[in-house]
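A.B. asks: With these hints in hand, go ahead and build the complete structure from the sequences.
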Amino acid sequence: MNEDRVNFGYDFVEPDEKTRRVGNIFRTVADRYDVMNDVMSFGLHRIFKRIAIETTSLRPGSKVLDVAGGTGDLCGLLADVVGHEGQVILADINESMTNIGRDKLIDSGYAWIQTTVADAEKLPFSDCYFDAITIAFGLRNMTNKDCALSECHRILKPGGILVILEFSKTTHPLLKRAYRFYQQSWPIAGQLIAGDSASYRYLIESIDVHPNQSELNCIITDAGFPEVRYENLLGGLVAIHRAEK
Amino acid sequence: MTRNAMGGASGPMVDPKLLEILVCPITKTALVYRREMEELWSKASGLAFPVRDGIPIMLEDQARALTPEEQESLN
Chain A
17 MNEDRVNFGY DFVEPDEKTR RVGNIFRTVA DRYDVMNDVM SFGLHRIFKR
67 IAIETTSLRP GSKVLDVAGG TGDLCGLLAD VVGHEGQVIL ADINESMTNI
117 GRDKLIDSGY AWIQTTVADA EKLPFSDCYF DAITIAFGLR NMTNKDCALS
167 ECHRILKPGG ILVILEFSKT THPLLKRAYR FYQQSWPIAG QLIAGDSASY
217 RYLIESIDVH PNQSELNCII TDAGFPEVRY ENLLGGLVAI HRAEK
Chain B
50 MTRNAMGGAS GPMVDPKLLE ILVCPITKTA LVYRREMEEL WSKASGLAFP
100 VRDGIPIMLE DQARALTPEE QESLN
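Taken in sequence, the protein lines are chains A and B. Using the numbering used here, read the first sequence as starting at 17 and increasing by one per residue. Using the numbering used here, read the second sequence as starting at 50 and increasing by one per residue.
Mixed in with the good hints, there may be bad ones.
Claimed, not checked - Under the rule of at most 35 Å between Cα atoms (straight-line distance), these lysine-lysine pairs were calculated in the DSBU-like manner:
#1 B:Lys-92 <-> A:Lys-185
#2 A:Lys-185 <-> A:Lys-79
#3 B:Lys-66 <-> A:Lys-261
#4 A:Lys-173 <-> A:Lys-192
#5 A:Lys-261 <-> A:Lys-65
#6 A:Lys-65 <-> B:Lys-77
#7 A:Lys-65 <-> B:Lys-66
#8 A:Lys-173 <-> A:Lys-79
#9 A:Lys-185 <-> B:Lys-66
#10 B:Lys-66 <-> A:Lys-173
#11 A:Lys-138 <-> B:Lys-66
#12 A:Lys-79 <-> A:Lys-120
#13 A:Lys-185 <-> A:Lys-138
#14 A:Lys-65 <-> A:Lys-120
#15 B:Lys-77 <-> A:Lys-120
#16 A:Lys-120 <-> A:Lys-173
#17 A:Lys-138 <-> A:Lys-120
#18 A:Lys-185 <-> A:Lys-261
#19 A:Lys-120 <-> B:Lys-66
#20 A:Lys-261 <-> A:Lys-173
#21 B:Lys-77 <-> B:Lys-66
#22 A:Lys-65 <-> A:Lys-138
#23 A:Lys-173 <-> A:Lys-138
#24 A:Lys-192 <-> A:Lys-65
#25 B:Lys-77 <-> A:Lys-173
#26 B:Lys-92 <-> B:Lys-77
#27 A:Lys-120 <-> A:Lys-261
#28 A:Lys-120 <-> A:Lys-185
#29 B:Lys-92 <-> A:Lys-65
#30 B:Lys-92 <-> A:Lys-79
#31 A:Lys-79 <-> B:Lys-66
#32 B:Lys-92 <-> A:Lys-138
#33 A:Lys-65 <-> A:Lys-173
#34 A:Lys-185 <-> A:Lys-65
#35 A:Lys-261 <-> B:Lys-77
#36 B:Lys-77 <-> A:Lys-79
#37 A:Lys-261 <-> A:Lys-192
#38 B:Lys-92 <-> B:Lys-66
#39 A:Lys-261 <-> A:Lys-79
#40 A:Lys-173 <-> A:Lys-185
Derived from the structure by calculation, the hints contain no laboratory data.
C.D. replies: And the structure:
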């Protein structure tokens, strides 16, 4: 196997190929992304996002970047915390997603949130600027996670906080089995609601091959963050990692 | 985005607060906003990043190379 290859679900592909395939998935699911999240998580993703925001230690006036911000869910919540005197930027590599996110934010009264299309591995922001960066259900899809995390480190202020909300691993055997059983319904729901089962098969695979809590801790530490801790949600099916620069 | 009869851009402009902190994703150096062309120019990387509907598209594969004359104009 070529050592440079990366996971795309259960496949190993060239890095560029992963970026291209993930891009295609999000172009395909963009307009049904929010409703699918609600259906598949029974709305729980909204609660997870609220908990993630509490983890950021943000205050009114803070500057925050949401990487892989997609359809803007987190940005709206972040804006409520930092207020107009603060700054909230939505960044996502996928223009289909940012277009939906930006329109949604404007419709919800958050026209002051700034949007940019950007690659997490090559972020277009000055050094040491942000008080916090959030990545919710995005890191898993990034091709070179170490590059993306180093970039986050570069643009955070000293003492700045990185919060990563992502699917993770449970160690409870029963929960694991129930979850696997439940996941089998995702491609069916995907087909029914979004007319697309393949993207949701990728979702299951990408969750399965994503590093567990302690492995991700190491990856974040290696990117330059001396202090990383995590909190499990739903018995570890989802985890929030918090790192301080 | 629409264009007026003179060919000038009339899309929404990039938020000035965002412009202040945007840098070239390749070289991390300053950008010049060419509003009339809806582009952000990076002298250091020689790239012009498009702005669509007020959203800067900061991806290398979406950028075009600056011409020598355009590069020169940045001096």
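A.B. asks: If a hint holds in the structure, say so; if it doesn't, say that too.
C.D. replies: Outcome of the hint check:
The straight-line distance between the Cα atoms of Lys-92 of chain B and Lys-185 of chain A is roughly 46 Å, outside the 35 Å bound, and the hint therefore fails. Among the hinted pairs, Lys-185 of chain A with Lys-79 of chain A is consistent with the structure: their alpha-carbon atoms are about 31 Å apart, no more than 35 Å. For the hint linking Lys-66 of chain B to Lys-261 of chain A, the alpha-carbon distance of about 24 Å falls within 35 Å, and the restraint holds. The suggested pairing of Lys-173 of chain A with Lys-192 of chain A is violated, with an alpha-carbon distance near 38 Å, which exceeds 35 Å.
Of the supplied pair hints, the one linking Lys-261 of chain A and Lys-65 of chain A holds, its CA atoms being roughly 22 Å apart against a limit of 35 Å. Proposed proximity of Lys-65 of chain A and Lys-77 of chain B is supported: the alpha carbons are some 30 Å apart, at most 35 Å. Among the hinted pairs, Lys-65 of chain A with Lys-66 of chain B is consistent with the structure: their alpha-carbon atoms are about 26 Å apart, no more than 35 Å. For the suggested pair Lys-173 of chain A and Lys-79 of chain A, the alpha carbons sit about 10 Å apart, so the restraint of at most 35 Å is met.
The hinted pair formed by Lys-185 of chain A and Lys-66 of chain B fails the criterion: a straight-line CA distance of about 40 Å is larger than 35 Å. Only pairs whose Cα atoms come within 35 Å are accepted, and Lys-66 of chain B paired with Lys-173 of chain A is accepted, the gap being roughly 18 Å. With a CA separation close to 20 Å, the supplied pair Lys-138 of chain A and Lys-66 of chain B stays within the 35 Å bound. Restraint check for Lys-79 of chain A and Lys-120 of chain A: the C-alpha separation of about 21 Å stays at or below 35 Å, so the hint holds.
Using a Cα cut-off of 35 Å, the hinted pair Lys-185 of chain A and Lys-138 of chain A holds, with the two alpha carbons roughly 28 Å apart. Proposed proximity of Lys-65 of chain A and Lys-120 of chain A is supported: the alpha carbons are some 17 Å apart, at most 35 Å. Taken as a hint, the Lys-77 of chain B and Lys-120 of chain A pair is honoured in the structure, with Cα atoms around 30 Å apart against an allowance of 35 Å. For the proposed pair Lys-120 of chain A and Lys-173 of chain A, the alpha carbon gap of about 29 Å is at most 35 Å, so the pair holds.
Pair hint Lys-138 of chain A plus Lys-120 of chain A holds up; C-alpha atoms about 26 Å apart against a cutoff of 35 Å. Restraint check for Lys-185 of chain A and Lys-261 of chain A: satisfied, since their Cα atoms lie roughly 25 Å apart, inside the 35 Å limit. For the hint linking Lys-120 of chain A to Lys-66 of chain B, the alpha-carbon distance of about 21 Å falls within 35 Å, and the restraint holds. This hinted pair checks out: Lys-261 of chain A and Lys-173 of chain A have alpha carbons roughly 7 Å apart, not beyond 35 Å.
Taking the CA atoms of Lys-77 of chain B and Lys-66 of chain B, the gap is near 17 Å; set against the 35 Å cutoff, the hint holds. Of the supplied pair hints, the one linking Lys-65 of chain A and Lys-138 of chain A holds, its CA atoms being roughly 25 Å apart against a limit of 35 Å. In summary, the hint linking Lys-173 of chain A to Lys-138 of chain A is supported, as the alpha carbons are separated by about 17 Å, within the 35 Å threshold. In summary, the hint linking Lys-192 of chain A to Lys-65 of chain A is supported, as the alpha carbons are separated by about 22 Å, within the 35 Å threshold.
Of the supplied pair hints, the one linking Lys-77 of chain B and Lys-173 of chain A holds, its CA atoms being roughly 16 Å apart against a limit of 35 Å. Of the pairs offered as hints, the one joining Lys-92 of chain B and Lys-77 of chain B holds, with about 11 Å between alpha carbons and a cut-off of 35 Å not exceeded. Our distance criterion of 35 Å between C-alpha atoms is met by Lys-120 of chain A and Lys-261 of chain A, whose separation comes to about 32 Å. Our distance criterion of 35 Å between C-alpha atoms is met by Lys-120 of chain A and Lys-185 of chain A, whose separation comes to about 32 Å.
For the given pair, Lys-92 of chain B sits about 39 Å from Lys-65 of chain A by alpha-carbon distance, which is inconsistent with the 35 Å threshold. With a CA separation close to 27 Å, the supplied pair Lys-92 of chain B and Lys-79 of chain A stays within the 35 Å bound. A threshold of 35 Å between alpha carbons decides the hint, and for Lys-79 of chain A with Lys-66 of chain B the separation of about 11 Å falls inside it, so the pair holds. Our distance criterion of 35 Å between C-alpha atoms is met by Lys-92 of chain B and Lys-138 of chain A, whose separation comes to about 17 Å.
Between the alpha carbons of Lys-65 of chain A and Lys-173 of chain A the distance comes to roughly 23 Å, so the proposed pair stays at or under 35 Å and holds. The suggested pairing of Lys-185 of chain A with Lys-65 of chain A holds, with an alpha-carbon distance near 18 Å, which does not exceed 35 Å. For the given pair, Lys-261 of chain A sits about 20 Å from Lys-77 of chain B by alpha-carbon distance, which is consistent with the 35 Å threshold. Of the pairs offered as hints, the one joining Lys-77 of chain B and Lys-79 of chain A holds, with about 19 Å between alpha carbons and a cut-off of 35 Å not exceeded.
Of the pairs offered as hints, the one joining Lys-261 of chain A and Lys-192 of chain A holds, with about 33 Å between alpha carbons and a cut-off of 35 Å not exceeded. Restraint check for Lys-92 of chain B and Lys-66 of chain B: the C-alpha separation of about 21 Å stays at or below 35 Å, so the hint holds. In summary, the hint linking Lys-261 of chain A to Lys-79 of chain A is supported, as the alpha carbons are separated by about 15 Å, within the 35 Å threshold. Restraint check for Lys-173 of chain A and Lys-185 of chain A: the C-alpha separation of about 31 Å stays at or below 35 Å, so the hint holds.
The structure fails to meet hints 1, 4, 9, 29 from the earlier list, while all remaining hints are met.
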